[in-house]
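J.: The lines below spell out each chain.
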Amino acid sequence: MTELIQIVVGGIMQGSIFALLAMGFSLVYRVTGVINLAQGGFCTLGALLGFSMQSRLGLPPALAALGAVLVTSAFAALVGRVTFVPGLSRLTNSNMLMMSAGLLTLFEGLVLVVWGSQPYALPPFSGERPIAVAGLLLPTQGIWVMGVTFVIIVGLWYMLARTRLGQSLRACAENPTAARLVGVDVARMQLFSFVLAGAIGAVAGVVVGPAISLQFDTGRLLTISGFVAVAIGGIASFPGAIAGGLLLGLVGQLATAYVSSLFSNALALGLLLIVLIWRPSGLIRGAAGRRQDVRDEARVWTHVTRLSARTAWIGAFVLLVAGLVLPWVLDAGLLGALIITLILFITLIGLDVLMGYGGQISLGQAGFMAIGGYAAGYFTTAHDWPPVLAILAGIGISLVCAMILAGVTLRLRGLYMALATLAFGLLIDSCAIGFDDITGGPSGLVGIGDFDLFGFAFDTPLRMYYLVLGVVVLVLVAMAGAMRSGFGRALQAIRTDPLAAAALGVNVVGCKMAAFAISAVLASLAGSLYAFQFHFLSPDMVGTPRSLELVSMLVIGGEGTLLGPLLGSALLTVLPTAFQPLALYKTLASGVLLAGCSLYLPQGMFGALTRVLRR
Amino acid sequence: MSALRVQNLSKRFGGLLATNDVSFDVAEHSLTALIGPNGAGKTTLFNLITNLFAPDSGVVEFNGISLAGLSPGRIAKMGLIRTFQTARVFPGMTVLENVLCGRHRLLGHGLFENMMWLPGARAEERRLATQALALLDLVGLADQAERSATDLPMGAQKLLEVIRALMAQPRLLLLDEPAAGLNDTETAELASLLRAVRACGVTVMVVEHNMSLVMTIADHVVVVEAGGLIAAGPPSEIQVNPRVIAAYLGEEPV
Ligand SMILES: Nc1ncnc2c1ncn2[C@@H]1O[C@H](COP(=O)(O)OP(=O)(O)OP(=O)(O)O)[C@@H](O)[C@H]1O
Ligand SMILES: [Mg+2]
Numbered sequence: 001m002t003e004l005i006q007i008v009v010g011g012i013m014q015g016s017i018f019a020l021l022a023m024g025f026s027l028v029y030r031v032t033g034v035i036n037l038a039q040g041g042f043c044t045l046g047a048l049l050g051f052s053m054q055s056r057l058g059l060p061p062a063l064a065a066l067g068a069v070l071v072t073s074a075f076a077a078l079v080g081r082v083t084f085v086p087g088l089s090r091l092t093n094s095n096m097l098m099m100s101a102g103l104l105t106l107f108e109g110l111v112l113v114v115w116g117s118q119p120y121a122l123p124p125f126s127g128e129r130p131i132a133v134a135g136l137l138l139p140t141q142g143i144w145v146m147g148v149t150f151v152i153i154v155g156l157w158y159m160l161a162r163t164r165l166g167q168s169l170r171a172c173a174e175n176p177t178a179a180r181l182v183g184v185d186v187a188r189m190q191l192f193s194f195v196l197a198g199a200i201g202a203v204a205g206v207v208v209g210p211a212i213s214l215q216f217d218t219g220r221l222l223t224i225s226g227f228v229a230v231a232i233g234g235i236a237s238f239p240g241a242i243a244g245g246l247l248l249g250l251v252g253q254l255a256t257a258y259v260s261s262l263f264s265n266a267l268a269l270g271l272l273l274i275v276l277i278w279r280p281s282g283l284i285r286g287a288a289g290r291r292q293d294v295r296d297e298a299r300v301w302t303h304v305t306r307l308s309a310r311t312a313w314i315g316a317f318v319l320l321v322a323g324l325v326l327p328w329v330l331d332a333g334l335l336g337a338l339i340i341t342l343i344l345f346i347t348l349i350g351l352d353v354l355m356g357y358g359g360q361i362s363l364g365q366a367g368f369m370a371i372g373g374y375a376a377g378y379f380t381t382a383h384d385w386p387p388v389l390a391i392l393a394g395i396g397i398s399l400v401c402a403m404i405l406a407g408v409t410l411r412l413r414g415l416y417m418a419l420a421t422l423a424f425g426l427l428i429d430s431c432a433i434g435f436d437d438i439t440g441g442p443s444g445l446v447g448i449g450d451f452d453l454f455g456f457a458f459d460t461p462l463r464m465y466y467l468v469l470g471v472v473v474l475v476l477v478a479m480a481g482a483m484r485s486g487f488g489r490a491l492q493a494i495r496t497d498p499l500a501a502a503a504l505g506v507n508v509v510g511c512k513m514a515a516f517a518i519s520a521v522l523a524s525l526a527g528s529l530y531a532f533q534f535h536f537l538s539p540d541m542v543g544t545p546r547s548l549e550l551v552s553m554l555v556i557g558g559e560g561t562l563l564g565p566l567l568g569s570a571l572l573t574v575l576p577t578a579f580q581p582l583a584l585y586k587t588l589a590s591g592v593l594l595a596g597c598s599l600y601l602p603q604g605m606f607g608a609l610t611r612v613l614r615r
Numbered sequence: 616m617s618a619l620r621v622q623n624l625s626k627r628f629g630g631l632l633a634t635n636d637v638s639f640d641v642a643e644h645s646l647t648a649l650i651g652p653n654g655a656g657k658t659t660l661f662n663l664i665t666n667l668f669a670p671d672s673g674v675v676e677f678n679g680i681s682l683a684g685l686s687p688g689r690i691a692k693m694g695l696i697r698t699f700q701t702a703r704v705f706p707g708m709t710v711l712e713n714v715l716c717g718r719h720r721l722l723g724h725g726l727f728e729n730m731m732w733l734p735g736a737r738a739e740e741r742r743l744a745t746q747a748l749a750l751l752d753l754v755g756l757a758d759q760a761e762r763s764a765t766d767l768p769m770g771a772q773k774l775l776e777v778i779r780a781l782m783a784q785p786r787l788l789l790l791d792e793p794a795a796g797l798n799d800t801e802t803a804e805l806a807s808l809l810r811a812v813r814a815c816g817v818t819v820m821v822v823e824h825n826m827s828l829v830m831t832i833a834d835h836v837v838v839v840e841a842g843g844l845i846a847a848g849p850p851s852e853i854q855v856n857p858r859v860i861a862a863y864l865g866e867e868p869v
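Which chain is which? The protein sequence lines are A and B, in order.
Residue numbering for the first sequence follows the working numbering, beginning at 1 and increasing consecutively.
Residue numbering for the second sequence follows the working numbering, beginning at 616 and increasing consecutively.
If you are wondering where the hints come from, they were derived from the structure by calculation, not from laboratory data.
Treat the numbers as computed from the prediction; the structure is a model and nothing was measured.
Just so you know, even glycine gets a beta-carbon here, dropped at the ideal spot from N, CA and C.
Quick list of simulated restraints, FRET-style, between CB atoms: (1) B:Gln746 <-> A:Ala187: 46 to 54 Å; (2) A:Gly441 <-> B:Ala738: 52 to 60 Å; (3) A:Phe435 <-> B:Val674: 51 to 59 Å; (4) B:Ser681 <-> A:Asp452: 57 to 65 Å; (5) B:Ser681 <-> A:Gly166: 49 to 57 Å; (6) B:Leu748 <-> A:Phe435: 51 to 59 Å; (7) B:Glu761 <-> A:Met513: 26 to 34 Å; (8) B:His824 <-> A:Arg180: 22 to 30 Å.
Kindly produce the complete structure, drawing on both the sequences and the hints.
T.: Given below as structure tokens:
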């Protein structure tokens, strides 16, 4: 019994962390309608700032904490002013989601540049010794977390319910147009909600920091936990966010105690999927929906990027010749980078069909790469299958997963679709670590052989390069045909206006399914090639960070264009290889680029290039 | 047989009875106008017919088949095509691509054939493009075919939406205020287009505020007010119907 109580208390402590994170999400979502993935970034920044102020500047802990929260808030104000708030009036919600992913990457990159990649263990506020209450051992930091969470909940409630400022915030949440009419400065309120969420994030980081091990990419994990919590509880309501956080914490602790810590993640994600299927808007529902037959006019995406047929043919020819000649002039390191670029490009073409053309956000694309990669590795090493068969097996498994996932998610709107794919990716992550007989666990699957086709082994980089190039060309030709036909048009129509598309007889669900299937097949194929290229595969090569990187590449290169992603993939793969000393800045740069591109170059570098060429 | 039969349709939004026990028939090959003051529930009727949301009670039959429970996509596939009150051209696509979208329901070649660039599939694409351009030419938009659809002025966008709906080869076409935002020349173009469409054997139902347009092109008029049907008949009768005059024509003399 004591044990159970101990676990439950542990769950509540853990859950308080999630609830804190979830409240930041909910606040920004309610006022702006956007999921701000950068939320976890505020936490890392706040925690590490506090740590440095204490250890470097020698400030007393309380002052350091205050300083950290203030500096983080100021930074949030700057970022919000320059990117987030201007984006709100120009970008669709899904592009805002991408942009906030860019901000998260930017935060990570910043932390990486300033604090490096090593983990930090921050000192607890009141010593390491847990205190004993009624036979229970409670870590002091956990008590701090619960206390701070409670104070913030009460403070936030008071502000929203009892102050003029809160009233204005709520007005923006309920009906921005009406709020504007009665004289609320909506843009200011949006900025305020962003900064406030940043401050909450920083406070969370400062108190949570000592309870966890902290490094540059911890923010991402915190973002994901908070996101999952808020999705379970119901994003449009504060009680929902809190309940979701606590529930997630409890389930996690109970699963760790009674099942296995390896699968506690999987259980939490299972919980999320169940909630998404059963009650897409979360356990506690917020405000009512809007009229469906009117479109949100101001914020649809309106750019048309088409090369003239002649330019396109000349360009394709030049690219093909360059592709054939390039390996002869590059050194080994760059050739390797080029092969990776092309392999990732295969995944990106699929992601582009799904996201760029179809407008369905996927944050779990690397999950399919993992399936393809591990299938290729496992079946060829453990069962001596021919590589082609192993690749096909991977594609088959990916297709089955994709169809199940699509069946669950297609009823869901953009945001929840993003969430479900993220959950899928994380689930695959934990499977990749958990099923170590098949995947080799955290240290990876070693000894994967060469790819061979009818006895011809692709055992040199040059051969591998031409193999991958051949696949890329085939895939491109097929997808160009598909995108220029009814299917491509239907997808684009669905992207901006599914209702009008359906009113013309477009099979919306069927098209989305097909796009999903294509993206899964291509990702799986690319994952297999990836494994054959490295002769090795570990979970972090095809994990959720990779999924986010793929999204960055797509947006930076140019979504909704077939060749755009090649630019994105090359930029983020070849450049860091070519300029090794600058590799440290890669994350920061890709974050800045992602946020900048979604704001100023809606069709990425390729779109900009096209506009120049058309002139 | 009537092309569309609406029987005792009702829909409530909160406290508002947006459609109240409405019944009417649309005869095959006719051009029916649906009129009524602002907020009368005309758009709601269209939304109910195309099952954008389900009615609280009542039945809609299209060529004798009940549409209850069918998705908007399925209904469109049966040849019942509608347009929206605010132009909903697809952003990010050219004018031509927008029109081609209309034909989606009748495409003969599938995804795989197009991925393989099979000659049949490419030929179908070319044939459709020619047809689409011919349709665009009817409203003088053929030379704008390669422009981004959302760059067109509002009037042209509304015409484009009508053309897109025609490309779908509808059996019954529901147009929600196609003339709103059109200038006089465009309105005249639209009127002759609608007459031509009807001459091709397509049944048309159109929501319209422009009374002189309604009276010249329609051969049947349905009038709703505050959710309820108040009159139905040929234009000449509607023009002199005292209830209609009181409800609607009174405030906007013909
Ligand atoms: N989805 C909805 N939710 C709530 N109320 C709605 C909805 N759709 C329509 N209404 C209400 O139903 C009434 C009828 O609206 P509708 O748009 O059908 O009128 P209308 O005759 O098309 O008017 P207009 O000439 O202005 O287009 C209006 O009061 C409108 O606010
Ligand atoms: Mg209307």
